[in-house]
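Asker: One-letter residues, chain by chain:
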Amino acid sequence: MALNLWRFASPQVIYPIAGRMAPMFMAAALVLGLVGLYIGFFVAPTDFQQGESYRIIFIHVPAAWMSMVIYLAMAFWCAVGMIMNTRLSFMMALALAPTGALMTFIALWTGALWGKPTWGAWWVWDARLTSELILLFLYIGFMSLHAAIDDVRRADRAAGLLALVGVVNVPIIYFSVQWWNTLHQGASVSLTRAPSMATTMLTGMLIMALAAWMYSIAASLMRLRVIILEREADADWVREQIAPAWRGART
Amino acid sequence: MNWGSAAEFFAMGGYGLFVWGSYAVSAAVIVAELALLVRRRRTCLRRISRRVTSEKSAS
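In the order they appear, the protein sequences are chains A and B. Once you know that position 51 of the first sequence is 41 in this note's numbering, the rest is easy, because the numbers rise by one and skip nothing. Position in the second sequence (first residue = 1) + 242 = this note's numbering.
Isolated chain B (complex conformation) (with noise of 0.2 angstroms):
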């Protein structure tokens, strides 16, 4: 175990800036990216399921 205490743990040895914006950065873009995903995703089956629906109701 490195840490003897959580203030130590978030401290780094002075370096907590560098390696949390390192993980906090990766993490949030990361998130990002999924969240994108799942969205172009519902997008594009919504687009298509309103046009089978509208196309079913004119014929």
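In isolation and in its complexed conformation, chain A is listed as follows (with noise of 0.2 angstroms):
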């Protein structure tokens, strides 16, 4: 086959893909936004036994999810920079982690601010609250192990272990309502069973959760090109095109 993949494994060669692609994500980020609130606010009807309290939903469940599903992606390319050694597969999981941690902190916030009307506590330590913070702490593990080595490729290889034990955290979030009694309720969405809420509900919360996909995909991808610029600094490419068209764009 001609076209050679590892291309694509290349900083110099994503970097203006990347730059490409963000801007496409972030405004599909922003009208997906702008629907799934307008079918939040003005569609979907009053809850019958939360009353209002109920639309933190429409953050809250979208922000819980991809606080997990980009743990597994970041483990996922962290796995494939150990096995292929391959630098790009850490800045892409090194990109993800920060939007992760941001997800992870809206969906305990949001979860405290609906708890406390709801439950009549901000905090509870079941389970799922628990692994959900818990996951905030990898994140931030994560993070700061990464900054703490000098060395660049041994920063990646001890952070990229430390993501790959933490993935076992993961299903326990997920499962954790099946398996402990917890306050917090079971899944309202699952492939296998009927949702138990209202269909303009669910559309609202579908809507929001694809936004914030969108809006995940978008934020890590500009993440990517600024580490991918701060660690190819003295690549020639970078000295010879990107700062000077930088300087000549700001002149």
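The set of hints was computed from the structure by calculation and includes no laboratory data. All C-beta atoms, glycine included, are put in the ideal place defined by N, C-alpha and C. Each hint can be trusted.
Here are some of the chain B residues that sit facing chain A, going by a computed Cβ distance under 10 angstroms:
#1 Asn244
#2 Phe251
#3 Gly258
#4 Gly263
#5 Tyr265
#6 Ser268
#7 Ile272
#8 Glu275
#9 Leu278
#10 Arg282
#11 Leu287
#12 Arg288
#13 Arg289
#14 Thr295
#15 Glu297
Starting from the two chains in their separate frames, assemble the complex, guided by the hints.
Answerer: In structure tokens, the structure reads:
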């Protein structure tokens, strides 16, 4: 086959591609987000049990889903980097981590603000909440460990190992509501059962979930570009093309 | 349509603090993430271009 896929493992090749894709994903996130919020606030009816407080669901559930998906993606790229010894894979993992931590924080924060009116407590040490908090610590640990080691290649491997060990937490979060008696409710949406919520509520939530996907991809691609620049600062293609073009655009 | 007036919309049936507290903080951290990203990119590019210029003038 003439097309060489290894070409795409090169930071120099990925840099402009990510630069073209990021604005498209960001635009999609914006449009989907606006549609999702419109449905969430103006189309979806009031919940007969929780009143209006349930409207937190439109950010809580998408953020919680993304917090787990991004962790899996991050660990995947770490595994690829360890096996194939490709530098770009670790850059992808590093680009994902802060956005994953952000999604985890949003899930925890909105969860607390939803828990107070529904359960009467901002926080309880039940399995779902605790394992999600551990996910936040794993993201922070991954980034701190990487930042603490000066040799970038060694930092990649050490942080990568931590990310891979931490993967065990993701199924624990997901199945916690089945394995233990938790205050947190079970899944409202699953692949095997009909969803236990009104159609417009579900539609709004799924559109917001898509928006969260698009945003996460856009932010990670933007960060990937910065990480490539930081790591390839001495490479000829950065010094001869990227830096002069940037200065030209500013003067 | 769920809301009779703007005031009703902001009150969120008495849950305004919880609903808007969720949305406001989420929006704030997303904006902060993007702002930090832009700043990190500028800092990096400025450093690279300064180094390129100083090496050119030295040679």
